[in-house]
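A.B. asks: The task is to assemble the complex, starting from two chains supplied on their own in separate frames and drawing on the hints.
Just so you know, the sequences run in chain order A and B.
Following the numbering used here, the numbering of the first sequence begins with 1 at its first residue and continues without gaps.
Following the numbering used here, the numbering of the second sequence begins with 1 at its first residue and continues without gaps.
List of simulated lysine to aspartate or glutamate pairs, DMTMM-like, C-alpha gap at most 25 Å:
id, chain 1, residue 1, chain 2, residue 2
1, A, K222, A, D238
2, A, K242, B, D129
3, A, K83, B, E7
4, A, K222, A, D245
5, B, K157, B, D97
6, A, K222, B, D129
7, B, K153, B, E172
8, A, K242, B, D112
9, B, K153, B, E166
10, B, K153, B, D92
11, B, K52, B, D231
12, B, K176, B, E166
13, A, K222, B, D231
14, A, K242, A, E47
15, B, K157, B, D92
16, A, K222, B, D112
17, B, K176, B, D160
18, A, K222, A, E121
Just so you know, the hints here were simulated from the structure itself, not pulled from any lab data.
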Amino acid sequence: MLPAAVLLVTFTHFPTAATLYHSFFSTAKPTRPSVWVGLDNYRSMAEDPVFWQVLGNNIWYALATIPLSIVLAILMAIWVNGKIPGRGLLRLSFFTPTVLPMIAVANIWLFFYTPGYGLLEQITRLFGLPSHNWLGSRSTALPCLIVVTVWKEAGFFMIFYLAALQSMSPSLHEAATLMGAGRWYFFRRVTFPLLMPTTLFVLVNAVINSFRLVDHIIVMTKGGPDNATSLLLYYIYDVGFKFWDAGYAAALTLVLLVVLAAFALGQFLVLERRVHYQ
Amino acid sequence: MRTRALETAGAWLLGFLWALPLAYAVWTAFHPAAFSTHFVPTAPLTMENFAKAWAAAPFARYFLNTILLVTMILAAQLVLCTLAAYAFARFDFRGRDVAFMLVLVQLMIMPDVLIVENYRTMSRLGILDTLTAIGLPYMASAFGIFLLRQTFKTVPKELDEAARVEGAGALEVLWKVYVPLARPVYVAYALVSVSYHWNNFLWPLIVTNSVNSRPLTVGLQIFSSGDQGVDWSIITAATLMTSGPLLIAFLLFQRQFVQSFMRAGIR
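Just chain B, same shape as in the assembly (with noise of 0.2 Å):
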């Protein structure tokens, strides 16, 4: 019992450790400066850190920039990769074992890895600067594709077969029997695929230089190093403004949340 007892503290002080930045955090961003490190219970809450952060740079047009952004990746993942998943999953083509290992490469070697080639890429087409140059190196997703196939080679065959004589098309037969089967799979790969592309950083920052195609984490970025002084008040409201739609929705949906990581876990 005694164990037990001491393992339930050691859970809860490791709970709170996990909590404790957030907590700051939070206590920081809505309290006024002087109490940003002075842990009174009396001390006023305000709102004007939010208020003067937006204020200060462009968030709106962050906010804009990001929900093309991950919109617009999202878009385009679903389209290639479950065409190219059905082409893995249930066509048999020449060299297709080849392409698909060729397929899973992405998955160790990621476009983030990449970057100095692929910013030669972009400056050679042109788009440096862009949404679509932000997106582009993400959009035929190995992880997307992988994840696919293996959901499609789970439908039964005769499914499959007793819509082709009912005269069904190839494409016809993708959009009326596969993808309806693979619904909970495409929300948790799309639930991966937004918070992904909404936290992501570092592609972004080096792709774009100004506000009409910077996205939120760049934007964060900009904002806290430049000259702001170190009005952490200030800052950590900003912070929690970027990150609060995602962590809103979370925290509304978190078993669906919790159920779609481990989905796209398990493979």
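Okay, chain A solo, but in the shape it has when bound (with noise of 0.2 Å):
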């Protein structure tokens, strides 16, 4: 009890708070050491460009993937879960994106998406189109990733839905049949709404992954072209770790824990009220 309580001190709490701290200094250089500069940092942020930015990003970023992702896997779920042609296969097709490893993924994903000779450029000049340089170019790059993002997660997601596809009773499907529903009214009617437990875990997980997994971005574009494809977590490992700018990168990594913490209280608040619970 002991050693866990003073780990989880050590490398949650202090540091939350130490990010706080932190975050009112200036940042240390041999010139002159770390002096508190009180809002400097975070007015700084709200005068840098990049920022608004990354933050846009992000934004876009989570609001693109976490319904894309959810809605695939509600799909995947039930295809698997119902008697199709060569059902193992496809589950298995589905999940492996997520035992392997981000960087090893992003890694083939980069390859894919090679300008001139990659997969993708091979399928687009098969309908003749003319070349393009996905990763490379400011409006196509973002969704590249966001694209990569999907593939990995939407098979993790499908397994509670699965779990919970499974759980439901037969008769509840049978008795539908009976009264004459279709297929998409059970499902709106009687599915979705038993699903939301599920969903909402996974709305919570889907969430925080789209705050805390940069490791594609550092392998495949790092955050360019023009900080297009930055997303938080990266812009504060580029400030902390690349500008050596500890002070600017607490700031940074503060308003991180916000966001978080906002979307904690929310889940607590709003939607634990919502949800159906059998």
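C.D. replies: This is the structure:
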């Protein structure tokens, strides 16, 4: 009990508080030590166009990856739960990305997107489309990363939906069939509401992941071009460990912590009441 | 019937898309570089890419590091989380609920997010660039404590009391009654933890800077972003090699993996 408490405090609570504390200090330089600067770090953040761009990127990234991966996960779960030919193979194919390291996966996708001879280019060429640098242009780089994330996560979320579907009573389906309910109607009125607790769980995970997972950015784009694919945590990494600006990095981390805390609160206050428990 | 067929086709299309990147990587890794973008069924198979990748970077050392790291984290997690979960599940002490809420904070604010401060702590402890530094922030896992607490709570109190009547101490009860009953949960947790830390990247990237402490993921990144030119055959071979053990374990124990992830998710 005690060792666990010590480690938790050292690596979760203390750093959280220290982040707040250090965000009020300037970064130590060889010529002058770190001094109290009050809200200066936050002021420069408000004036930092990159910060706003990164925040915007992260919001778009979250808004795209979360619903897409959840919808696909439900669809996959319903498919592999039903009687579909080749069910085992499909399950395998959907779930495999989950056990692969994100960094390895990112390497493979990088190859996939390579201009000139990557697989994607080969396919688009078949249709006579012009060559396009998918990761190198501002408009397509972020969507490309979103695709990778959805590909990686949908199978993981599918597992939870599959577990929930398997625990649903088959008599519900029989009853609905007797009453002549269509499949879509059945899904909308019975399956989906019963999946609500799972959706909540998956949603929380998806939100955390969309702010936590930046491995593929380091491999594929390094935040570029022109910060078009930089996410909040990646920017923190950049500021903290490339420019060694610890004070500013602390201020940025605090923003990230506030975002996560807001989601945690929202989850408890709003969603908990609406979720339908059996 | 027609919608059924359409749906099957859709499912297969999606399954095909999902398998495509991996299939592509396998193709490239097992064929000579000349065939890496030409898909001819008669292309000769080769293991040479793997040999080249293995020789080009100290992958043996990286493998050893990752295995040591994953084992160390898992061992520490099992001990710490078991003790903490037992305390939360079965003992009444002042401030228990507050303490438990504080533990749960880590579910939202994971160590990955606090890289800047944790780096500061590690450098103050003087253990930068060691395996311990990579593992330490993850050892007291809120997720593990939570999972085991829920499991221990389902153990009937009568069993606990019976063991105590026979004269067993608290730790003995834990070891003889609770731990054996929670075995499937331990297996599930272990699989999730091992695959998480095998794959973890950002934090190890930050705290390590030498071959002696780098895990596979960081080694792979340095290898593939180095001066290898763009020899994709070798890079994909290295990529497959690093994820190989986990992938093979997954293919062999598919059912256990899926069930473990399910069990870990239902909470």
